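Asker: As you go down the protein sequences, you meet chains A and B in turn. If you read the first sequence in numbering that gives the first Met the number 0, its first letter stands for residue 0, the second for the next number, and so on. If you read the second sequence in numbering that gives the first Met the number 0, its first letter stands for residue 0, the second for the next number, and so on.
No wet-lab data here; the hints were simulated from the structure. Note that the structure is predicted; figures quoted are calculated from it, not measured. Just so you know, even glycine gets a beta-carbon here, dropped at the ideal spot from N, CA and C.
In the PhoX-like style, the derived pairs of lysine-lysine whose C-alpha atoms are separated by at most 20 angstroms in a straight line are:
1) B:K178 to B:K197
2) A:K314 to B:K15
3) A:K88 to A:K123
4) B:K178 to B:K210
5) B:K178 to B:K232
6) B:K74 to B:K88
7) B:K167 to A:K62
8) B:K16 to A:K314
Ranges between beta-carbon positions, derived for each pair:
9) A:P122 to B:D282: 56 to 62 angstroms
10) B:D255 to A:P160: 26 to 32 angstroms
11) B:G296 to A:P160: 53 to 59 angstroms
12) A:P293 to B:S17: 43 to 49 angstroms
13) B:S17 to A:D318: 20 to 26 angstroms
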Amino acid sequence: MIPDYLIIQALREPDALVSLSLPDWDLLIRQARRANLLARICILLDERGLLEQVPQKPREHLKWSRVISEKHVQAVHWEVTQIRQALAKAGVPVVLLKGAAYVMAKLPPAKGRLFSDIDIIVPKASLNAVEATLMLHGWAATHHDAYDQRYYRTWMHELPPMQHIKRMTVIDVHHAILPETAALHPDSVKLRTAAQLIEGYDDLKVFAPADMVLHSAVHLFHNDQLDQGLRDLVDIDSLLRHFSSLPAFWPSLSVRAHELELTRPLFYALRYTVNILNTPVPSDMIKVAQSGRPNPLTLIITDQLFERALMPVHKSCSDWLTGAARQMLYIRATWLRMPRLLLARHLFHKAFISPKSE
Amino acid sequence: MNVSALTPSELKFRLKKSGIFLRTGSFITHLQTSIPGVSESVGLLYADYPLAEQADFADFHVSLTRPRNLRRWFKPQALFSFDGNTIFKPLPLDQAFPMLEWGLNWCVSNHVNHCLIVHAAVVEKGGYAVLLPAPPGSGKSTLCAALVNRGWRLLSDELALVRVGDGKLIPLPRPVSLKNESIEIIRRYEPSAIFSRKVDDTLKGTVAHMKASSDSVARASEVVQVAWVIFPKYQAGSTACLETLPQAHAFMRVADNSFNYSLLGLNGFRTMARLIDGSLCYDFTYSKLDDAIEIFGALTPQASSK
Numbered sequence: 000m001i002p003d004y005l006i007i008q009a010l011r012e013p014d015a016l017v018s019l020s021l022p023d024w025d026l027l028i029r030q031a032r033r034a035n036l037l038a039r040i041c042i043l044l045d046e047r048g049l050l051e052q053v054p055q056k057p058r059e060h061l062k063w064s065r066v067i068s069e070k071h072v073q074a075v076h077w078e079v080t081q082i083r084q085a086l087a088k089a090g091v092p093v094v095l096l097k098g099a100a101y102v103m104a105k106l107p108p109a110k111g112r113l114f115s116d117i118d119i120i121v122p123k124a125s126l127n128a129v130e131a132t133l134m135l136h137g138w139a140a141t142h143h144d145a146y147d148q149r150y151y152r153t154w155m156h157e158l159p160p161m162q163h164i165k166r167m168t169v170i171d172v173h174h175a176i177l178p179e180t181a182a183l184h185p186d187s188v189k190l191r192t193a194a195q196l197i198e199g200y201d202d203l204k205v206f207a208p209a210d211m212v213l214h215s216a217v218h219l220f221h222n223d224q225l226d227q228g229l230r231d232l233v234d235i236d237s238l239l240r241h242f243s244s245l246p247a248f249w250p251s252l253s254v255r256a257h258e259l260e261l262t263r264p265l266f267y268a269l270r271y272t273v274n275i276l277n278t279p280v281p282s283d284m285i286k287v288a289q290s291g292r293p294n295p296l297t298l299i300i301t302d303q304l305f306e307r308a309l310m311p312v313h314k315s316c317s318d319w320l321t322g323a324a325r326q327m328l329y330i331r332a333t334w335l336r337m338p339r340l341l342l343a344r345h346l347f348h349k350a351f352i353s354p355k356s357e
Numbered sequence: 000m001n002v003s004a005l006t007p008s009e010l011k012f013r014l015k016k017s018g019i020f021l022r023t024g025s026f027i028t029h030l031q032t033s034i035p036g037v038s039e040s041v042g043l044l045y046a047d048y049p050l051a052e053q054a055d056f057a058d059f060h061v062s063l064t065r066p067r068n069l070r071r072w073f074k075p076q077a078l079f080s081f082d083g084n085t086i087f088k089p090l091p092l093d094q095a096f097p098m099l100e101w102g103l104n105w106c107v108s109n110h111v112n113h114c115l116i117v118h119a120a121v122v123e124k125g126g127y128a129v130l131l132p133a134p135p136g137s138g139k140s141t142l143c144a145a146l147v148n149r150g151w152r153l154l155s156d157e158l159a160l161v162r163v164g165d166g167k168l169i170p171l172p173r174p175v176s177l178k179n180e181s182i183e184i185i186r187r188y189e190p191s192a193i194f195s196r197k198v199d200d201t202l203k204g205t206v207a208h209m210k211a212s213s214d215s216v217a218r219a220s221e222v223v224q225v226a227w228v229i230f231p232k233y234q235a236g237s238t239a240c241l242e243t244l245p246q247a248h249a250f251m252r253v254a255d256n257s258f259n260y261s262l263l264g265l266n267g268f269r270t271m272a273r274l275i276d277g278s279l280c281y282d283f284t285y286s287k288l289d290d291a292i293e294i295f296g297a298l299t300p301q302a303s304s305k
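With the rest of the complex left out, here is chain A (with noise of 0.2 angstroms):
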């Protein structure tokens, strides 16, 4: 059961929340605020003309955050100016992911999003060139515990983030959209080659739209912490939604979850995103998607962590089994990220050895 939640409602009928009441634009507002979605219920209402309907106080918020929004494109765009500048020097070609990459292509989960850091892939030959020209640049390394730089140098699908010491701001850089250890493997080759040069630029790619669509399913449901879920899964309704536009494109999505090993994340990709967002998704995808389907007893388990966890972090969006559908996520993106013994050998590092932070 899907719950009726007042921030799931307005996501798929943007044009109901016109007659909405006060108390109701209250918890709107709180539970849209903490999903990190409240600038994006702006941009849904200022669309379709229906701003300036909303009662003036929660039209307040909605405008206060757009601010934020707006600000964040500005600034990503900027980021992304420099981290070309930073990296014309290396002679390696830049592909964005997730967030940067939807501004910078223009695409609509763009819209009133929010961004922590820009996230780029590049091969994975080249990544103690970029690391070193990043460093030549400004950027910082973030983890200086010799565990950690192991872990991510020798077992993840990224370096360990890196931070701009002027700026402040964050860049993780990827070879791959899973980590070395994980058990499924799309190929980072496969993703680069099938990157498309974003309009007006020569030198900035962003992932084709199947690929592109795949790799924030994979993010979602390979992530350990869900509690930007529901903008994730908003993502990928909107590049969807875009992309059904494109005649070759849900074909395009099965053969790549095929080629890439990622039918299962597509899978659930599109169960919630139907179920919870009502994306529309011609009925010929869904039947091509059960090849993703996990065994009948997983999925009503999954659906019992997922329909939990996907929903925004607030008291009014939580029953008695949230915090514990939170956790149970917590160690399956775990499991899937490590075998078993180095997973057992990491949790005991990080719980015995590793210095603790305050």
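Using the hints provided, position chain B relative to the given structure of chain A.
Answerer: Using the frame of chain A, we list chain B on its own:
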């Protein structure tokens, strides 16, 4: 209905159960707490503030609680939550009321974006406002407290809200925060001023809050034109001196003291430019409050803002 309409025990009960919907300036805060010290200070300093008639919308939902762990008995603490999320690290229980004040400032400075928010005190007389931006330690609040006890209306002690669009100052009169020696100085300066209990050993030293006058609270919806931007600086033994400040300098220094200047982008620049253009800008050094009152009393707005 104002907070003063509730008896102390009614207030305590409401704060503990459903919370109160407190109107400060143009914002409504839903406040819940079961900490008795907070309820007493709210009753004292917010007596003249209206309670929202219909509790159907609040800008901010905040609560002050005691963490549910061993610290309940051993060196008890207070926790400020914004809609269920703890924003700051817990503080000793004794600091719960100052923490509420800091928390309410955080609510405004982190969300409100239809105004340029400047870390400044604002007082008004004769329809014109003085903006007193200053980094901590410059004696801004002391001067502000003295002025509001000598006929100036309090618009704000910490957060000046300059409306994007028309540059008008939106009042947010809340208790004036005084630190260390300033507390006794103002007590002596105006014995009738009402203070919350002094709290020692906070991050900012000893703090106490002074009640805003009921007149400034009652007139919280009257927006005002800013006519002067004055950077106060307390300097022991100095003679009071008002020194003209070039507008470009004033612009940059107000921007340094702003919470959301860069967030607002072009609107931030335009609002700041309008504010500085419409104001006479000064550096002000002083050591005696009476001198300051006299000099401020003699201020006349520039012809264009009349």
